[in-house]
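Student: These are the residues of each chain, in order.
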Amino acid sequence: MRRAFLGEFEEIVLLVVASCHLEAYGVNVWEQVQEQTGRKITMSAVHATLYRLEEKGFLNSHMGGSTQERGGRRKRFFKLTPAGAHALQEIQAIRSKLWQGIPQGVIQLFGI
Amino acid sequence: MNDRQPDISPPRWAARFLEWFLPDELLEDVQGDLQEVFYKQVKAEGIKKARREYWLSTLQYIRPYFLGRRQKKKSVHDAKSLYFDMFYNYFIIAFRNIKRNKALSAINIFGLATGIATCLIIMLFVQHELGYDRFHEKADRIVRVIFKGSIQGEKLNEAHVMPPVAQTLLADYPEVQEATRLRQYGIPRVTYKDKSFKEDAFAFADANFFQVFTLPFLQGDPKTALLEPNTIVISQAIARKFFGNEDPIGKVLTFKDFNTSCKVTGVMVNMPYNSHFHIDILASMASLPDAKSSSWGTSNFYTYLVLPEGYHYKNLEAKLPGVVEKYMSPQLQQSFGMNYAEFQQKGNYLGLFLQPLTDIYLHSDFMYDLGPRGNIENLYIFSAIALFMLLIACINFMNLSTAGASKRAREVGIRKVLGSVKGQLVGQFLLESILLTALSLLLAGAMVILALPFFNSITGQSLALDMGFVLKLLPALLLFGLLVGMLAGFYPAFFLSSFKPISVLKGTLTVGRKSISIRSSLVVFQFCISITLMVGTLVVYQQLNYMHTKDLGYNKEGVLVLGETWVLGAKEDVFRKQIMQDPRVIQVSLSGYLPAGPSYNNNFTVSPDSNPSQLLKTLKYDVDDQYIPVMGMQMAAGRNFSPEFATDSSSIILNETAVRALGWQQNALGQSITRSDNDGKKMSYRVIGVVKDFHFRSLHERISPLVMVLSRSSGTMIAKVKTDDVKGLLASLKTQWTALTPDEPFMYSFMDERIENTYVSEQKIGRFLGVFAGLTIVVACLGLFGLATFTAEQRTKEMGIRKVLGASAGNIVALLSKDFLKLVIMANLIAWPLAWWIMDIWLQDFEYGISLSPWTFAWVGLAALLIALLTISVKAIKAALANPVNSLRNE
Chain A
1 MRRAFLGEFE EIVLLVVASC HLEAYGVNVW EQVQEQTGRK ITMSAVHATL YRLEEKGFLN
61 SHMGGSTQER GGRRKRFFKL TPAGAHALQE IQAIRSKLWQ GIPQGVIQLF GI
Chain B
1 MNDRQPDISP PRWAARFLEW FLPDELLEDV QGDLQEVFYK QVKAEGIKKA RREYWLSTLQ
61 YIRPYFLGRR QKKKSVHDAK SLYFDMFYNY FIIAFRNIKR NKALSAINIF GLATGIATCL
121 IIMLFVQHEL GYDRFHEKAD RIVRVIFKGS IQGEKLNEAH VMPPVAQTLL ADYPEVQEAT
181 RLRQYGIPRV TYKDKSFKED AFAFADANFF QVFTLPFLQG DPKTALLEPN TIVISQAIAR
241 KFFGNEDPIG KVLTFKDFNT SCKVTGVMVN MPYNSHFHID ILASMASLPD AKSSSWGTSN
301 FYTYLVLPEG YHYKNLEAKL PGVVEKYMSP QLQQSFGMNY AEFQQKGNYL GLFLQPLTDI
361 YLHSDFMYDL GPRGNIENLY IFSAIALFML LIACINFMNL STAGASKRAR EVGIRKVLGS
421 VKGQLVGQFL LESILLTALS LLLAGAMVIL ALPFFNSITG QSLALDMGFV LKLLPALLLF
481 GLLVGMLAGF YPAFFLSSFK PISVLKGTLT VGRKSISIRS SLVVFQFCIS ITLMVGTLVV
541 YQQLNYMHTK DLGYNKEGVL VLGETWVLGA KEDVFRKQIM QDPRVIQVSL SGYLPAGPSY
601 NNNFTVSPDS NPSQLLKTLK YDVDDQYIPV MGMQMAAGRN FSPEFATDSS SIILNETAVR
661 ALGWQQNALG QSITRSDNDG KKMSYRVIGV VKDFHFRSLH ERISPLVMVL SRSSGTMIAK
721 VKTDDVKGLL ASLKTQWTAL TPDEPFMYSF MDERIENTYV SEQKIGRFLG VFAGLTIVVA
781 CLGLFGLATF TAEQRTKEMG IRKVLGASAG NIVALLSKDF LKLVIMANLI AWPLAWWIMD
841 IWLQDFEYGI SLSPWTFAWV GLAALLIALL TISVKAIKAA LANPVNSLRN E
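Those protein sequences? They're chains A and B, same order as listed.
Mind the numbering: the first sequence is residues 1 to 112 in this note's numbering, read in order.
Mind the numbering: the second sequence is residues 1 to 891 in this note's numbering, read in order.
No lab work stands behind these hints, which were simulated from the structure alone.
Every residue gets a Cβ at the ideal spot worked out from N, C-alpha and C, and that includes glycine.
Possibly wrong hints are sitting among the right ones.
What the hints assert, rightly or not - From the derived model, a few chain B residues whose C-beta atoms are all more than 12 Å from chain A: (1) Glu53; (2) Leu59; (3) Tyr88; (4) Ser521; (5) Glu793.
To be verified - In silico contact screen, one side only, chain A against chain B (beta carbon under 10 Å); selected entries: (6) Leu6; (7) Tyr51; (8) Ser66.
Stated by the list, open to error - One-sided excerpt, in silico: chain A residues whose CB lies under 10 Å from chain B: (9) Phe9; (10) Met63; (11) Arg70; (12) Lys75.
Please model the entire structure based on the sequences and the hints provided.
Tutor: Printed below as a string of structure tokens:
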């Protein structure tokens with residue numbers, strides 16, 4: 001598979017799915033993303049991103065059992081694939097390499 | 001959910017939307033998630049807000065990701081997608097069908113394309129003709145004042161009126177918002193520095209001219225440009241011609257003929273082509289002394305009024321008779337010695353009338369009209385032809401599709417058995433026909449582009465397909481294609497879809513008698529139109545030929561007209577003497593009065609001294625003693641003017657019609673007649689000769705009374721010349737001309753050309769009819785060919801059996817052709833009286849014309865029959881020569 005590009009929002013959703021572990025389904029991910037980023041995000045955006053990540057092979061999904069509060073509809077649970085884990089790690093590595101490349105004091109200059 | 005309260009549920013339509021919008025595999029969990037959130041929100045913030053939020057979230061699923069995946073959702077259970085599949089299938093079937101019957105489809109497409117292309121070209125032409133003068137902002141409110149009258153039964157129709165009309169109407173009638181005048185005044189020579197040109201597009205205009213007509217200025221102020229005397233407004237073309245890149249404003253152009261110089265105060269855009277007047281130089285009316293004239297005796301001023309919005313000009317026209325009576329009566333008293341009441345009692349009338357600006361080009365038929373005019377009758381004829389062409393093409397289309405129907409009966413049967421309903425089949429066939437129409441439309445477009453230059457060259461038009469017009473026309477064209485497709489596909493669609501599947505599949509279907517009779521009547525109709533057009537063409541050509549060969553009462557051949565000789569001034573006589581020495585020149589006359597040319601304001605009202613109360617309006621020719629011999633006119637009695645008689649300046653020659661009108665028979669010679677001119681001065685003339693009637697106008701018009709007086713009328717020289725060395729003669733004349741007046745162009749024409757030019761309109765219609773008669777016959781024959789192909793194919797087996805049983809090829813050709821020829825004969829029988837009736841009306845427009853001959857009709861009928869026979873026999877012979885083994889092998 002061609003190495004897929006991971007957008008910023010995709011990265012966040014992927015991280016949220018990873019951190020939720022076994023409880024990652026639409027509503028849960030949506031709430032987590034909003035909570036973690038402090039942004040207002042539409043459900044459709046989350047859904048679209050989840051499905052796209054699945055198509056790219058970073059996630060896979062299975063349907064859970066039906067629940068009453070959902071009108072008898074089943075939940076679709078998402079799970080990180082090895083490719084997804086690898087992609088996250090790679091991003092992490094690139095980020096830390098870049099962080100290390102920043103000369104001492106540059107960030108502090110901005111008062112952080 | 002049953003155990004929940006039923007009213008706490010997400011909005012149903014939003015849920016529906018998701019069902020329609022989302023890919024099936026995603027639907028469940030998206031809806032589930034949304035509903036979960038919805039119930040949370042119902043608890044937290046109430047049902048209303050939750051529903052609103054649900055709606056909002058739902059709508060947000062309209063995003064590229066889901067849009068892109070929506071198409072994947074095709075499934076067998078989806079009625080909508082099935083529909084598209086069927087549609088696609090129709091297309092495939094349609095294309096396969098076109099490919100299978102290449103010849104028939106080609107005939108169909110080509111035939112329809114020809115019809116559409118013809119129609120388009122004529123539409124372009126009609127649009128061009130109808131568009132005249134529309135570009136003026138006030139076009140709908142402008143009317144022209146015209147002068148009509150009748151004196152002693154002689155009709156008077158003039159496009160221009162007396163100088164005070166504009167001012168009078170403006171003052172007397174409040175509804176006249178603006179009145180402006182235009183006055184033509186010869187063809188002046190205009191000079192600037194070393195540049196000098198004759199400008200024929202020259203006129204004087206009132207200062208408010210540009211308030212009435214919309215002619216945008218490039219420089220200068222339209223409101224004030226023509227206020228001062230000796231100011232002119234010129235077109236951009238003239239500005240370029242005289243001043244090149246210099247700024248024209250304030251420059252002075254010299255008019256030698258008027259001994260004046262005029263300052264350029266404005267530059268306007270070039271006159272649009274579709275205007276009834278084309279003036280390049282407009283001089284201020286204030287420069288013209290005549291302009292202030294209050295005379296009601298001469299008319300020279302084209303007068304235009306602006307009326308209020310929504311005001312019908314007829315209302316004003318109704319008030320105008322009073323004007324004539326009020327202002328013209330004194331003039332009448334002076335000229336004719338009677339007041340208006342007496343004048344009217346004798347059955348005469350004079351009056352001002354109005355004519356809408358936009359009618360001028362097409363409906364005007366006046367003396368002294370500015371510029372060329374169109375012909376509304378031709379427009380009707382052309383439109384009818386366009387309509388018929390389209391009709392014929394559509395009929396072909398219907399005919400051929402219907403004919404091909406039985407071939408597809410099996411397909412229809414199978415479709416019906418498989419569950420197609422009639423509506424679907426109708427849709428399929430309509431789609432097929434629309435597809436074919438679309439192809440025809442494309443082809444027609446190409447044809448128009450290719451044919452336009454050809455069309456322009458034979459009709460002398462300059463039609464162009466400009467992009468703006470095409471874009472404007474595009475929706476109409478598409479609609480038109482759809483309409484034609486529907487129209488043409490209508491009959492086959494309903495006819496085919498009504499097949500009974502059982503009889504089709506059992507093979508007991510008979511393509512009913514009814515459809516054959518309909519098809520036959522359509523063929524008859526087509527040929528009717530073709531034959532009528534062919535007869536029309538022939539009659540027009542016969543009439544043209546008649547006009548060419550008719551003895552007009554004067555020489556056509558070898559009469560050379562040298563125009564504009566007045567520019568020679570005093571040297572005119574020198575020139576005349578010089579050219580007379582040329583052995584190739586027989587005689588030379590000096591007179592501007594020519595038959596078959598523009599007529600001048602040369603009315604002359606005379607009364608015989610034997611009966612002074614009788615008035616006769618005549619035309620007057622100012623001629624010299626050479627005129628009659630040069631023109632080759634014959635004297636019926638008496639003698640020509642002669643320099644030997646000093647008294648000839650008060651002599652007069654009448655034509656035969658004038659003699660008859662005055663009631664003299666043999667005793668015309670020696671009679672005297674009196675003429676009173678505008679100033680009331682009376683002149684007496686003695687009749688010394690009677691010239692045989694000659695046609696001084698086109699053959700549309702009856703010869704009217706005419707008098708000739710001996711008077712110097714410079715301007716044009718007419719020379720009777722030997723025609724064996726015209727080139728050499730013209731070259732030598734030109735050399736002599738240039739020696740005398742180097743600046744002036746040498747202009748000449750021949751009498752026969754001038755006569756030719758009088759019949760431009762007839763020639764145009766002749767060519768038109770010729771082309772279209774040819775086209776309709778081609779299209780009709782295409783149809784016939786298609787039908788013959790079809791019939792031959794259908795009867796292949798029959799022919800095979802007949803041949804095996806001993807029929808000769810000739811027998812078979814006869815058998816196949818017989819039915820079609822019957823139709824063409826029937827078409828002839830219907831077309832003849834129709835064509836007779838139409839052409840009789842057309843010929844009535846000529847005072848002197850041919851009478852219709854039955855032979856014309858017979859020949860056209862025969863020709864149509866032959867063409868049809870030829871078309872059919874191509875197929876019939878092939879069928880007759882085919883080896884019967886091939887068609888019978890399968891039996």
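Student: The structure should be examined with respect to each hint, and the outcome stated for every one.
Tutor: Now for the hints, and whether the structure bears them out:
no.: 1; hint: Glu53; verdict: 9 Å, violated
no.: 2; hint: Leu59; verdict: 9 Å, violated
no.: 3; hint: Tyr88; verdict: 28 Å, holds
no.: 4; hint: Ser521; verdict: 64 Å, holds
no.: 5; hint: Glu793; verdict: 57 Å, holds
no.: 6; hint: Leu6; verdict: 16 Å, violated
no.: 7; hint: Tyr51; verdict: 6 Å, holds
no.: 8; hint: Ser66; verdict: 9 Å, holds
no.: 9; hint: Phe9; verdict: 12 Å, violated
no.: 10; hint: Met63; verdict: 7 Å, holds
no.: 11; hint: Arg70; verdict: 4 Å, holds
no.: 12; hint: Lys75; verdict: 6 Å, holds
In terms of the numbered hints stated before, the structure departs from hints 1, 2, 6, 9, listed from lowest to highest.
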